[in-house]
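Heads up: the sequence lines are chains D and Z, in that order. Using my numbering, read the first sequence as starting at 1 and increasing by one per residue. Using my numbering, read the second sequence as starting at 1 and increasing by one per residue.
Worth flagging that the hints you see were computed from the coordinates, not collected in a lab. Backbone N, C-alpha and C define an ideal beta-carbon position, used for all residues, glycine too. Errors might be hidden in some of the hints.
Sample of chain Z residues at the chain D side, in silico, Cβ under 10 Å [what the hints assert, rightly or not]:
no.: 1; residue: P18
no.: 2; residue: L30
no.: 3; residue: T31
Label-pair distances were calculated between CB atoms; the ranges are [as the list claims (entries may be wrong)]:
no.: 4; chain 1: Z; residue 1: P49; chain 2: D; residue 2: S107; range: 38 to 48 Å
no.: 5; chain 1: Z; residue 1: T28; chain 2: D; residue 2: T104; range: 19 to 29 Å
no.: 6; chain 1: Z; residue 1: K48; chain 2: D; residue 2: S101; range: 36 to 46 Å
no.: 7; chain 1: D; residue 1: Q99; chain 2: Z; residue 2: P49; range: 36 to 46 Å
no.: 8; chain 1: D; residue 1: L110; chain 2: Z; residue 2: T31; range: 42 to 52 Å
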Amino acid sequence: MSTFHMRSFQTCFSDPESGPQGDGRTGAGKPEALAPNADKRNTLNAAQRATACFYLLSCVRRPSLSHHLLFLKKTACGDSDHSNPLPSCNMRPTRELAQTSLFTQRSEALSILERTRLSYERARAIGRAYGTCIRIPHPCYTSSDVFFSSQP
Amino acid sequence: MEDVLFLSPKFWDLHTDPIASIDGAAATLLTIQYNLCAGTLATYLPEKPSLAPLLQRVLDFEVS
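Bound-form chain Z, shown alone:
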């Protein structure tokens, strides 16, 4: 299986939202949550499907 990281339009909308100019720290935390944490977990998702619930909790911002 060939894994390809895909940035959806919704993902771009999040990172280009002008609300990030209000609080840069919040924007940094947001990008860490979705890029560093969720992006890393998603890379290993095909090999380890058991990561799906944890990834969904990360995407729901229930855990950080």
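So here's chain D without its partners, still in its complex pose:
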């Protein structure tokens, strides 16, 4: 977990009356130092709980590899807005698709022909999932997604 997330967690779970607990290296954040205020930590309001859950889910859903790839994608597309350290991947149209039986079944016990068929069905499902995703009026990919023509 990055320093950014750790600071967010410390801010969310620190006692609002005693102020921030430091960076964790000064000893102010030790369990014995927080013990007298342990009951106050249970009085987090809804906003603090929601913020903590948001950062927890953000860390779980974003493995470092996908985060790195998304950063590369934003760089390659010329997007100079790097202020957000966690680019959103909640908009992936394949999020629900990955939990279906098509992607959860194991293929080790299948024959080569069945594995090939399964992989092809998965590829088609991914392609159609992107074709039917939001903000695209056409139900599937169009030629403009892979081709752009211009006249000088």
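Knowing the structure of chain D, use the given hints to seat chain Z on it.
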């Protein structure tokens, strides 16, 4: 007419989707379908507009 291949953000999203880690063969088939097959057909689309229906069928994953 000057033809320029253009990779849209949606196209990048497809190729950077973490679901590709579940099945590498499916990811390979997917990139073949959209890059090798559709990309090649799209290159000749301005000269041969009759390829448009076939290209659309490829993009819809109806033919491979």
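Verification of the hints:
1. P18: holds, 4 Å
2. L30: Because about 4 Å separates Z:L30 from the closest Cβ in chain D, which is inside the 10 Å limit, the hint holds.
3. T31: Holds, about 9 Å.
4. Z:P49 / D:S107: 38 to 48 Å: The hint (38 to 48 Å, Cβ to Cβ) holds, given that Z:P49 and D:S107 are roughly 41 Å apart.
5. Z:T28 / D:T104: 19 to 29 Å: holds, 20 Å
6. Z:K48 / D:S101: 36 to 46 Å: holds, 41 Å
7. D:Q99 / Z:P49: 36 to 46 Å: Taking Cβ atoms as reference, D:Q99 and Z:P49 lie about 41 Å apart, which means the hint holds.
8. D:L110 / Z:T31: 42 to 52 Å: 23 Å Cβ-Cβ, so the 42 to 52 Å window is violated.
The structure fails hint 8 only (numbered hints given earlier).
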